[in-house]
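Q: As a plain string of letters, each chain reads:
Number of protein chains: 2
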Amino acid sequence: MRALVLMSGGLDSTTVLAYAVSQGYEVTGLSFDYGQRHRIELESSRRIAEYYGIRRNVFRVDLTQVGGSSLTGDIPVEKGQFGRVEVPNTYVPGRNIIFTSIAGGYADIEGIETIMLGVNAVDYSGYPDCRPEFISSMEKTLRLGMARSQNLSISAPLQKLSKSEIIRMGMKLGAPYELTHSCYEGGEKACGKCDSCLLRLKGFMESGFIDPVEYETYPEFYRKYLENEKD
Amino acid sequence: MRALVLMSGGLDSTTVLAYAVSQGYEVTGLSFDYGQRHRIELESSRRIAEYYGIRRNVFRVDLTQVGGSSLTGDIPVEKGQFGRVEVPNTYVPGRNIIFTSIAGGYADIEGIETIMLGVNAVDYSGYPDCRPEFISSMEKTLRLGMARSQNLSISAPLQKLSKSEIIRMGMKLGAPYELTHSCYEGGEKACGKCDSCLLRLKGFMESGFIDPVEYETYPEFYRKYLENEKD
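If you read the protein sequences in the order shown, they are chains A and B.
Be aware that the first sequence starts at 10, since it is given in this note's numbering, and climbs by one per residue.
Be aware that the second sequence starts at 10, since it is given in this note's numbering, and climbs by one per residue.
Just so you know, the hints here were simulated from the structure itself, not pulled from any lab data.
Among the hints, a few may not be true.
Note that identical chains are pooled: a pair holds if it fits in a single copy or bridges any two copies.
Cross-link-like lysine to any residue pairs, in silico, SDA-like; alpha carbons within 25 Å at most [said to hold, decoys possible]:
1) 169 x 156
2) 149 x 168
3) 233 x 61
4) 198 x 173
5) 202 x 171
6) 211 x 140
Chain A on its own, in the form it takes in the complex (with noise of 0.2 Å):
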C-alpha cells in the first residue's frame, strides 16, 4: 500500500503525513518548488520529510510565469480580512490542478494507487480547489488521462475537518508540529497578524493546544488564550 502525499511544509499536510503513516502506507512525499517567495516552506518539508525518514521528491515548477497571486509575485499579502469569503489574493489560479496532475505522473511512473492532499473544506479559506466536488473530478481526470492509473484514488483525510479537529488528530498522532511553517510573511518566526497565522492559532486555541512554533507578536485572542491555560 503506498501513497504519495503532497508536502507543503504546513499544518495540514504534515497531519496528513502522519495520518499515513499512522495507516501503514509507504509513503513517498512530494514538495513543489514553484516560485514560492518563501524558502523556508521546502526547508519545512524537507526536515519534516527527515523526521519521519521517507523520501521526498521536490518538483520545480515556476508558476511566476502565470502569475496573478501574491504569493509569487510582487503583489503585497491582503492582511487584516480574516472570516471573508471571497477568494483571497493569495491563490494561484489552477495550482491544486498542476501539483496534482504532476502527483498524477509520478504516482502512474512509480505504480502509486493513492495521492493524499491536505485540503479540507470547512475551513477552506475560499480556494476553488480545495472543494470536494474538485477532488472527486480530478480523480476520475487522472484515471481517464493516464496509462497505468485507472484505480488511481485521491484521499484527502482531513476534508470535512475544521482546523481544530486537525489539530486534534495531528496532536494525537504525534505530528512534528514545532517543523512546520504556515505564515504568510515567511519569516523566522512566524508573523501572528497574517490570514494564515490567525487561522492557525484559532485552531490551535480552539483544539485546547498550544502552538510550538515561535511567532512575533500573538493576536489578542490568542493572548489571552494563553493567559488562561496558564492559570
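Using the hints provided, position chain B relative to the given structure of chain A.
A: Then chain B, alone, in the frame of chain A:
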C-alpha cells in the same frame, strides 16, 4: 471571443490555430518548454505564431523530473510499431493534464473563455489523455477548480477527425504546414521512419495533398503515392 491555443509546432495544433483564426477568435498561443529533446518544436511554434501575428506564451516546466518517456529522457524512440494499440513509450504520464491545467491558469487570469487543443481520438496513437472522455472530465475539473472560470470550455475541434481529414481542413484554411514539425527524431529534415512521420505521410497520401516538409527518406507507400501523383 478569445481562445488560448496550445501550440506544439506540429500539424494538429497548427490546424486548430488556423481553425480558431478562421472562426474569428482573438487567439493567444501557449507552448511548453518541457524538456523535449527537440528544440525545433519550439522553433516551429514560434514561427507559426509569427506567421499568424499572434501573441504566444512559452511556459517552462521540466517534465524530465518525472521521467519515464523517450521524448524527454535517454530511452531510444520505439520504431516500426506503426498501427500498434498499446501506449507508446513517447508518452509522458499526464502530460496533457499538466499542460491543460497550466493553460487553465492562463485562461483564468486573462479571462479567456476557450482552451483549444489539437488532440484527436481517431489517430490518437494510444495516448489516453487524448480521449473525448478525458477532455470532458478535464473541462469539468478546471471549471470546479478555478476562481473565475466557471464557464471555461475546452474545445478539441479535431477530436473526431482522421489525420487525412485534419489535413484537408488545414489545407482549406491555408495552415502553414511548411513550418510545422512532427518527427520524433527532431532533425533538420523529418526522418520519414518514426511513427509520427509515418502517420503524417499516410494522412497526406489519403488527403490527396503533398506534404511540404522535407524528409530524409520516404517510406515505400509514400514514394509510390508521389510517383502516381506525377503521372
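Q: Hint by hint, which ones does the structure fall short of?
A: 3
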